[in-house]
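If you read the sequence shown in the UniProt record's numbering, its first letter stands for residue 1, the second for the next number, and so on.
Honestly, the hints are just simulated from the structure, not real lab data. Computed from a predicted model, the values in this text were never measured in an experiment. Mixed in with the good hints, there may be bad ones.
[Unchecked claim] DSSO-like mimics (lysine-lysine), calculated; alpha carbons at most 30 Å apart, straight line:
#1 Lys138 with Lys215
#2 Lys124 with Lys279
#3 Lys189 with Lys215
#4 Lys371 with Lys279
#5 Lys58 with Lys204
#6 Lys30 with Lys121
#7 Lys58 with Lys124
[Stated by the list, open to error] Simulated DEER-style distance windows between Cβ atoms:
#8 Arg401 with His254: 17 to 23 Å
#9 Glu433 with Glu393: 38 to 44 Å
#10 Arg46 with Gly250: 19 to 25 Å
#11 Asn198 with Met105: 33 to 39 Å
#12 Asp267 with Lys39: 54 to 60 Å
Even glycine gets a Cβ: it sits at the ideal position worked out from N, Cα and C.
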Amino acid sequence: IISNYQKECQQTMPITLNVSGPREVLTEEKATATVAAWKEELLAHRAAEPSASILCDKIILTDKSYTSGAAKIVSTFLTSTDDFQPSIASGISIAILSDTIASRMEEEGLEVLTTISNAFKESKLVEVDLSDNAMGTKGIDACSTVLGGDANVTANLAKLSLCNNGLSESTMHEVADLLTKGGDNCIAKNLTQIHFYNNMSGPKGCEAFESIMEKCTENKLTDIRFSSTRARAGGSTHITTALKSLAESGNLEHVTRLDLADNTFSDESVNTDLATALKSCSKLTYINLRDCCIANEGMKRVCNALKVSGAKLTHLDVSGNDLTASGARSVAKLVASLNSTIVEFSAEENEMTSRGVKKIVDVINSQTLEKIVMNQNEFGDIAGRAILDMVSENRVPNLTRIELNEGSFTEDVVGELVECFGDKLPEMDDNDEDTEHDADLDDEEEESEDEDDAPETADRDVDDLAGALSQVQV
C-alpha cells in the first residue's frame, strides 16, 4: 500500500541532467546540441509532472573538456528563465563537476571553471565534486561560488570531493579557509563526506586538513577520505591527531567509510592515536589502510581497536604494511570476528609468508566473502594447501575472485588452484616456483608465536570452564 505522501514524492521526483557520450572535447556546437536535448527532456518531465516545483536537482558535467564557449552555453541554459521559471540551476543541489578542463590551457581552463561555478549562484548545493580538475590556488578562486565563496549557495553543503586536483600545501590551506570561515556557521560543521585523494599537499597540507576536521563538531561525518597526499610521517601525525580528537568528542560515531591509504602511521604514537580513534567507529563498514607502514605492533593495535569498536566491516584492506606472520596473527583475529559481514579482504604486498597467510585463511568461514587479495606475500605450497582446504570445506561458498600472484607455488599446487577456482583466479604469471619461500620459514618464530597464543587460549579455557560451572545446579 502506497501512502498519498509516497505517491506525491514519486510524482514530483526531479530528474538528473547528464552529458552523454564518450570522454571528449565539448565544443560550442556539441554544447548547443546538449542543452537542446536537456530542454526537451525537461519539458517532457514538466508535462508529465505539472505540479513539480523542482524539475532537476542533480547535474553531471563530468568527463568532458569544455571550451570557454561551450561552458557559457551550458551556464546560460541553466540560469535562464526564458523557458523555465525559476531557473533550472535554482533547483540543483548536487553538482558533479569533475574532469571538465582536461587539455585546456590555463587561461581557458580557469575561465571554464569560473563560468560553470557561477552558474550555480542561485543553487542551494548539498554535494559538490570538483575532482580531476587541475586546480591550484587560481582554480580554487575560480570555483569559489561552489566552495564557500557564496554562503547562500553552500550553507547546506554536506559532501565535498577534491580528488586528483594537484592541490599544493598553499592551495589546501585556501580550501581550509573557505570551509572553516564563518565560525559556528562554517561549511565544515555540516560535512558528512569529505574526500581528498591523490593531491600533492604534503605535511603542511595535512595541517590544513586537521584544521578542517577541528570544525566538524556536529557528529555528522560518515565518509572520510584523505589518501595519497604525500603526507609522509610528519603530516600523518596531523591526520591521526585530528581523528583522535574527533573520537574523543564523540564526532566519529556515524562514520561508515574511512580511507587513509598511503599515509605513514609507522610511529607508535601515531598508530596508537589511530587505534584510539577507531575504537569509536562502531558503524564503520569500509576501511582502507593500504600502504600505511603500520607494521606488526601497529597493526595489532589497529585490529584490536576495530574489534573493540564492534564495527561490522564489509571491506578491509591492510595491504602494503610490512606485515610478517606475527602481524598476520592480529589480522586473523579481526577477520575471524568479521565472518558474518566481510565482503572484500585485501592483504597483498606484505611479508606474511605461508605461515601468516595460513593463519588468516584458517579462520575464514564466511557466507558473505566475495573477494580475497593476497598477492606478493612470500608464500608457497603451505599457503596454497590451506586455501584449497578452505574451499573443499565450503567455507567461502560465495567467493567470486581470489588473487594469489607473486608466490612460489609448485607446478602441482598451481594446477590444483587453477582447477579449483577457474575464472575466479587471475593468471599467476609472476609465480616463481624456484624461490621456495616455504623452505625459509623460521621454526623458532613459529614456536614464539604459538607461545604468544597461549595466554589467549588459556583465557578462553577459563571462560569456557566458568560458563560450564555456571550451568551446574547444586
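Requested in this report: Please flag the earlier hints that this structure goes against, numbers listed from lowest up.
Outcome: Numbers 2, 5, 8, 9, 10 and 11 - these are the hints that the structure violates, sorted from lowest upward.
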